[in-house]
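**Q** Spelled out from the first residue to the last, the chains are:
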Amino acid sequence: NAGVMQNPRHLVRRRGQEARLRCSPMKGHSHVYWYRQLPEEGLKFMVYLQKENIIDESGMPKERFSAEFPKEGPSILRIQQVVRGDSAAYFCASSPSLAEGAGELFFGEGSRLTVL
Amino acid sequence: KNQVEQSPQSLIILEGKNCTLQCNYTVSPFSNLRWYKQDTGRGPVSLTIMTFSENTKSNGRYTATLDADTKQSSLHITASQLSDSASYICVVSAIGGGGNKLTFGTGTQLKVEL
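Order-wise, the sequence lines are chains A and B.
Note that my numbering numbers the first sequence so that position 111 is 111, with each residue one more than the last.
Heads up: take any position in the second sequence, counting from 1, add 116, and you land on my numbering.
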């Protein structure tokens, strides 16, 4: 049973370009979360999605960032017109249910974005 | 404001020795507390999850304790191995949500040396 798959693992973009990060949850998991980790900081929640629905995007910057989890295919975190401050590791996690506190949460290996 | 503070920030120990990592939190209302291990360049991996009613939980050489009254938790690692070198992250969940209601500590960076 494959774990949470994220790609690309590393992505380099120049300022103003777009970054697309993909996440395939574990089989049978319908809850997907995206987090951002800056150096020397803890993970910060960005967005929570279920299939075709955004449940909570309170942690997502209002501009340039968007996320989706279509009926078919992986969840995508999209960052438009990237700036140097967007450089970070972006982690996706999935869980099988909405047990209190998400129950067991499984993380992917992360996508490391570097903006030149 | 919900906060999770971990200490020490970093720690170096010799292989075979024990160590204890600390976590203090102010998350309310409390649901559960988790410890994760994050190897450099990898994603976090769950070690333990404890609810309000659990005082201690073990996973191999890892033992976590929880004092919900003082809002403190500890992670004890016994007979450390080189592979234990990693960041250990304390995460607290608030009632009423899923992974969107988690507050992450900044981690304790553990290095195990020969």
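Hints should not be assumed to be uniformly reliable.
Think about it this way: if two alpha-carbon atoms lie no more than 30 Å apart in a straight line, the pair counts; the simulated DSS-like pairs of lysine-lysine are [said to hold, decoys possible]:
1. B:LYS227 / A:LYS71
2. B:LYS133 / B:LYS117
3. A:LYS71 / B:LYS187
4. A:LYS62 / B:LYS187
5. B:LYS133 / B:LYS227
6. A:LYS44 / B:LYS117
7. B:LYS117 / A:LYS71
8. B:LYS117 / A:LYS27
9. A:LYS27 / B:LYS173
10. B:LYS187 / A:LYS51
Derived by calculation from the structure, the hints in this document are not laboratory data.
Quantities reported herein were computed from a predicted structural model and do not represent experimental measurements.
**Q** Run every hint past the structure and note whether it holds.
**A** We went through each hint and held it up to the structure:
1. B:LYS227 / A:LYS71: Violated, at about 43 Å.
2. B:LYS133 / B:LYS117: 36 Å, violated
3. A:LYS71 / B:LYS187: Violated - the C-alpha atoms of LYS187 (chain B) and LYS71 (chain A) are around 41 Å apart, more than 30 Å.
4. A:LYS62 / B:LYS187: 34 Å, violated
5. B:LYS133 / B:LYS227: 12 Å, holds
6. A:LYS44 / B:LYS117: Status holds; Cα separation ~14 Å.
7. B:LYS117 / A:LYS71: Distance ~36 Å between LYS117 (chain B) and LYS71 (chain A) Cα, so the pair is violated.
8. B:LYS117 / A:LYS27: This hinted pair is violated, its Cα atoms lying about 35 Å apart.
9. A:LYS27 / B:LYS173: Status holds; Cα separation ~28 Å.
10. B:LYS187 / A:LYS51: Violated: LYS187 (chain B) and LYS51 (chain A) sit about 36 Å apart, past 30 Å.
Of the hints listed earlier, those the structure fails to meet are numbers 1, 2, 3, 4, 7, 8 and 10, in rising order.
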